[in-house]
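Letter by letter, the chains look like this.
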Amino acid sequence: MPRYYFDIIENDHRSRDREGVDLPSLDDARREAQEALADMAAEVFRRSENATLTIEIRTESDGASVEVIASASIRTN
Amino acid sequence: MSKPTEDELRPFFATIAARDTISDEEHRALVSAMGDRRVIAAGTDIAREGDRPLVSTLVLTGMTARYSTVEDGGRQITGLHLAGDFVDLHSFPLKIMDHSVASISRCTIAVVPHAELKHITEQFPHLTRVLWLLTLLEGSIHRQWLVAKGRLTADEQMAHLFCEQYVKAGIAGLTEGGRFALPLTQTQLGDALGLSIVHTNRTLQRLRRTHAIEWQDGIVEILDWDMLRELGQFDGSYLHLESVPR
Chain A
1 MPRYYFDIIE NDHRSRDREG VDLPSLDDAR REAQEALADM AAEVFRRSEN
51 ATLTIEIRTE SDGASVEVIA SASIRTN
Chain B
1 MSKPTEDELR PFFATIAARD TISDEEHRAL VSAMGDRRVI AAGTDIAREG
51 DRPLVSTLVL TGMTARYSTV EDGGRQITGL HLAGDFVDLH SFPLKIMDHS
101 VASISRCTIA VVPHAELKHI TEQFPHLTRV LWLLTLLEGS IHRQWLVAKG
151 RLTADEQMAH LFCEQYVKAG IAGLTEGGRF ALPLTQTQLG DALGLSIVHT
201 NRTLQRLRRT HAIEWQDGIV EILDWDMLRE LGQFDGSYLH LESVPR
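Order-wise, the sequence lines are chains A and B.
Start counting the first sequence at 1; every next residue gets the next number (our numbering).
Start counting the second sequence at 1; every next residue gets the next number (our numbering).
If you are wondering where the hints come from, they were derived from the structure by calculation, not from laboratory data.
In this text, all values refer to a predicted model and were calculated from it rather than measured experimentally.
Among these hints, one or two may not hold up.
Simulated restraints on C-beta separations [what the hints assert, rightly or not]:
no.: 1; chain 1: A; residue 1: A42; chain 2: B; residue 2: E221; range: 27 to 33 angstroms
no.: 2; chain 1: B; residue 1: P125; chain 2: A; residue 2: R47; range: 31 to 37 angstroms
no.: 3; chain 1: B; residue 1: K118; chain 2: A; residue 2: E43; range: 46 to 52 angstroms
Note that CB positions come from ideal geometry on N, CA and C, so glycine has one too.
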């Protein structure tokens, strides 16, 4: 199974995934990213008034992202 | 086929001794209630939802999980059991399993016929209360998981679970200098926390970065217990570690 790396970008801060997750296909990786974004948005948006959250998928640990799966943002006032 | 040895039953008696003192006669009654020991491979269902088991299962070595599945195939682990834990003592009065139990790792288990448990309830009132206590502890752990899932962040919830597993392993005499076995995969950890794989992976990376724990090849090492406990807002009073007459 190929390994996918999921970088989480919260506002301007990128947490690089150095471990990755083995998944059957890019489709599965997309689904996982979508689910993770929903999970994490609940936490991030609860504690911040202004935030953006994005997940990028890479197929190599030091490669460029192959897909920006999801992005969500919240802004009050 | 053989009965479990006293040595294999040590974690079980340790979990009781942490909460109460039982007499030699009660000890012997529990030993003689044990049926055959069995070795089962990882990933084997021990009991399935809808089953009507005639035995309860005691873990002698390894780890098992209680789980339920939902329509889209998602799985929620609702309990983790290690050596010394009864995985389905409640199946004696409940009769029908409302969830499944599977082995996480290779396990040795002992089956205890419900007829033997019935005999204990009829002959040993204090021992009956001790067994009742063990099922109540399951309930208090479930409550704590619910609070953690409902009100803690993923980071806190994960730290809380590591704290709980460490304390439970310690009670059963399964820790060695801050190290204990936690043979879960990341997916199974996510199933226990109710988190997606990616979120679990990220949360674990963040927890490792605090240097409170290390977790490799199924072995957890507690590096900074105070920090881990604080991260997880862990208060072990729900594990009822007080040896008093029940």
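Results of checking the hints against the structure:
| no. | hint | verdict |
| --- | --- | --- |
| 1 | A/A42 / B/E221: 27 to 33 angstroms | 31 angstroms, holds |
| 2 | B/P125 / A/R47: 31 to 37 angstroms | 52 angstroms, violated |
| 3 | B/K118 / A/E43: 46 to 52 angstroms | 48 angstroms, holds |
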